[in-house]
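The whole structure should be built from the sequences, with the hints applied where relevant.
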Amino acid sequence: LLQNLGINPANIGFSTLTMESDKFICVREKVGEQAQVVIIDMSDPMAPIRRPISAESAIMNPASKVIALKAGKTLQIFNIEMKSKMKSHTMAEEVIFWKWVSVNTVALVTETTVYHWSMEGDSQPVKMFDRHASLAGCQMIHYRTDEYQKWLLLIGISAQQNRVVGAMQLYSVDRKVSQPIEGHAAAFAEFKSEGNAKPATLFCFAVRSPAGGKLHIIEVGQPAAGNQPFVKKAVDVFFPPEAQTDFPVAMQIGAKHGVIYLITKYGYLHLYDLESGVCIYVNRVSADTIFVTAPHEPTSGIIGVNKKGQVLSICVEEDNVVNYATNVLQNPDLGLRLAIRSNLAGAEELFVRKFSTLFAQGSYAEAAKVAASAPKGVLRTSDTVRKFQSIPAQPGQASPLLQYFGILLDQGQLNKLESLELCRPVLQQGRKQLLEKWLKEDKLECSEELGDLVKTADPTLALSVYLRANVPSKVIQCFAETGQFQKIVLYAKKVGCVPDWIFLLRSVMRVSPDQGLQFSQMLVREEEPLANTDQIVDVFMENSLIQQCTSFLLDALKNNLPAEGHLQTRLLEMNLIHAPQVADAILGNQMFTHYDRAHIAQLCEKAGLLQRALEHYTDLYDIKRAVVHTHLLNPEWLVSFFGSLSVEDSLACLHALLSASIRQNLQLCVQVASKYHEQLGTQSLVELFESFKSYEGLFYFLGSIVNFSQDPDVHLKYIQAACKTGQIKEVERICRESNCYNPERVKNFLKEAKLTDQLPLIIVCDRFDFVHDLVLYLYRNNLQKYIEIYVQKVNPSRIPAVVGGLLDVDCSEEVIKNLIMVVRGQFSTDELVAEVEKRNRLKLLLPWLESRSHEGCEEPATHNALAKIYIDSNSSPERFLRENACYDSRVVGRYCEKRDPHLAFVAYERGQCDLELIKVCNENSLFKSEARYLVRRKDPELWAHVLEETNPARRQLIDQVVQTALSETQDPEEVSVTVKAFMTADLPNELIELLEKIVLDNSVFSEHRNLQNLLILTAIKADRTRVMDYISRLDNYDAPDIANIAVSSALYEEAFAIFRKFDVNASAIQVLIEHIGNLDRAYEFAERCNEPAVWSQLARAQLQKDLVKEAIDSYIRADDPSSYLEVVQAASRSNNWEDLVKFLQMARKKGRESYIETELIFALAKTGRLSELEDCINGPNNAHIQQVGDRCYEEGMYEAAKLLYSSVSNFARLASTLVHLGEYQAAVDSVLCMCGWAGVPPCTAVWSSHCHSRG
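Taking the working numbering, I'd label the letters of the sequence shown as residues 72 to 1326.
For the record, the hints were derived by calculation from the structure and aren't laboratory data.
Here are the computed lysine to any residue pairs in the SDA-like style, where the Cα-Cα straight-line distance is at most 20 Å:
| hint | residue 1 | residue 2 |
| --- | --- | --- |
| 1 | K629 | I617 |
| 2 | K263 | L480 |
| 3 | K677 | H687 |
| 4 | K158 | I124 |
| 5 | K141 | R121 |
| 6 | K141 | E100 |
| 7 | K247 | L206 |
| 8 | K545 | E516 |
| 9 | K1092 | E1061 |
| 10 | K327 | E389 |
| 11 | K508 | E492 |
| 12 | K1051 | L1071 |
| 13 | K94 | V172 |
| 14 | K1132 | E1162 |
| 15 | K487 | F459 |
Computed beta-carbon distance windows for the label pairs:
| hint | residue 1 | residue 2 | range |
| --- | --- | --- | --- |
| 16 | L473 | N150 | 53 to 59 Å |
| 17 | P116 | P570 | 50 to 56 Å |
| 18 | E368 | G501 | 46 to 52 Å |
Glycine residues also receive a C-beta, built at the ideal position from the N, C-alpha and C atoms.
Written out as structure tokens, the structure is:
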């Protein structure tokens, strides 16, 4: 019951519950506000799966946990287990019904079309057919296809004339045609009739029409080749009297039993035989409607769900159905067909009786068919076989026995007895191919007896029989007899048989050594070998199969296990004796490591394999005995062999080789020493070669490592060996290129060696700065020509040091001068000057320096030296320093600092050496020169440096800048940079001094606008007492900007003075009013200026102070009516009506504003100027007369009101006004005028007012 699983009964219905197969039930529910889908796996129904899914429809795949969901026109398919979306598609039409028609295809039904949507790849829905008009307006309840999806069926129902009418559309995919059919339920079936080779596709459908119920069974499409057409059936469907409105709702096929399950709306089950259409059973199985069904595969029955939520399974009871059909229905033919079709019990006596009858009649073929088709094999016995054997064959015909076996073969497999009895005559006839065919088709039951029978004719075929019969001993015997030795091990392992493997191996060896090799390899290939390896080797050796045994052992021992050491020894021993080259190859592959190495080494030496013997010997005596035969050994291998020896053994072997033949083995020893010097020790190898006085060997050995060694001794020994072997060029190279030797030791060795060529010594001394020693050595040994070679060819740049050395040994000046002239221009003049200068011999260079200068040499060092000489000799040094452009100012300036600071200043000034110049000026109080330099330099960063507070000489420097430097300059940029520097340094007072000097002292910059601005602004910031003076004295500054800054700095008088000076009167009076707050001064200023803008500002201020009369007067003088609203309000509050009239009359001249004219009329009324008022209202105006009249009336100004009401002919208000004035007759006239004009009786209110006034 689905309710027991938590399913809401309201959700158990056709629209919310789907069941595509007997695997899953899918229900859509709403729990609270959340939509859910419940999936019930029928293999575990007590554990339903709930998922929060909002969809209009959900159908589960018939085989797997794949769900299809529909929401609107969007279709999606999800794999629940993988939690992934498989496919999605948006339809152009609404899908009104859908269903899985196979495990990978969904049928989609819209209002007009039917589609199939495959799950394969990225395929889209494919249109299958258009819906027939007969299904219009129907509710779709089912969609079916045949097994091959060649026939498609759409089923719908509709209510017509108080009954439910079924409509179906049958569509042929191949012919692309549809046929409308009236029907309620239908299904397709694949049914194989008796005598037909292939099944036919049957279309079964049931209909309840007004005439009654019918079940139709017809074959669709053309019958298969060789098939008899199925005879269509049409049988009545019984509906009981109490179910007159009942109709079919579901149909399923029981394929196993060949029956039709038909379910009606009222819960009745109808069971029909598919072949004959006979009704087998009818009963009500559910009181509630079963609204969804599916085939129940385990029972070949039907499963369904009813409205109550019950899940029902209905099937045929196999043990009783045959008896029921035979005895209850009294239909033995139906019972026989059911028994044959489904192999069911219950009709044994019928089959035996029928067989006996047919056999007695001589209908042997028919009897054979009955025996073959009898269920449970009740007639397939030895008695039946004997009966057929007893019947002799007719001439020209097959024997009844063979006919019987032929029928059995057509229907399936023969049993053991039948297989033996059939094969015996076939083999006697030599028709072995028939046996092979039957075995391939699995028509025979194989047994040991059958195998024995076949073996006499064909052992290979018998092997196939034994294999199928599972007779291991006979199988292995046949494998051996047929030479299939490689299969024996596999088969024995598979069936768990343990034969005598060694015996089998000996048998195989006698037949084929190569197959024996393969067999032996299979025996030991498993983790647990099937036979002992030693025994297998013995079998090979018994037959002297050295090659095969070697192959076997190479494969068997490939894992190189310690326990196999004796086998490894045995393998190498047999090959060293019989095939030394094979043994050499095996040893060369280094496959084995656990054999007896000493024994194998001796065998190798005896076999002439000295290299392998050396690889295995461990005793030094044996090694030395073998190693000296170098002519029999590969030199490259021998060199590598030394790498496996210990240090002591290697040195001993090298000694043995040199002792045996130094000429023959020297090159080999050098190679070994070169390769293994790091392990053997370079010192030990050097001593070895030296012990044999082999300097040639030492030279070649050290030559191979010297380029990679950083050992100073190696390089020294190499130089010594090269000298002793006459390799002077190599000595030069190593002295020039090596960075590792000890220069002192090499220098001393070369001096002691007394070489004919002193170039190596020169190279060493040049590289490692032994030039002084070199000069002394060469000069004292009368080798002066090498001094010239050194400075001319080796390193001309070393001449400064050579000159220094020659001066130290008191060499004549002429020699030195000549030497310098020879190599001129190829060395550092600075160094040469330094060498000579530190020996106080600088003048020695004067001629050479002057000649270089005259030649146009611009090298700074040359001119530096000349400057020094001129300074020391006082030969017009300042002129030289100012005019010469080539010397280094910093070098020469530093040279002059202690000698003459002024010359140092000249040198630094010329080179713009700022910091050095400042330092020398500060130390020597040269502030005036420093100030001039700074002004001319125009460098903001330099100014920032000297104006730092940390500069102790800042004040003195500023004084000189103000008093001297800036007074002398005519360059605006110099002034600008200087002023900016003072501003950046935040020195306002000093800046004021500077600017006063520039601006106030009648310089060329006195009228400079920016400087005047800056002076005033700086004073505002630093010294406010000077501001007023500057304002008065200066005329070319930006007055408005300066004045505004003064205002923001609370210097209001100064700001006022600026505005007044430059006639910015509006801003000036604004300062008086807003900041100074003196309206009297403001009035005086306005009188003096007499400008409209000034009067306007004053008027505004007066109005704010409630000086209404004064404000109106000021507005009039300003001729400014713009503030008429404020003026009217203020005058009204203070009753200044006379003044207001003046203001409004002025304002009316400026613009005819309605408000101005209205207020003017009222003001005239207030002042009693009725004649002016009358003139005003009688003339053109924009005033609101009625409004002014009402105001006058309310304030008791009835005379004015009378004029105003008369002007606008408001007789009612006029009458009231006249009453107040006592002019009663005029009031009556006014009322009568009003009435006559309007054509109505006099107003009651007016008369009431009139009477009230009369008392």
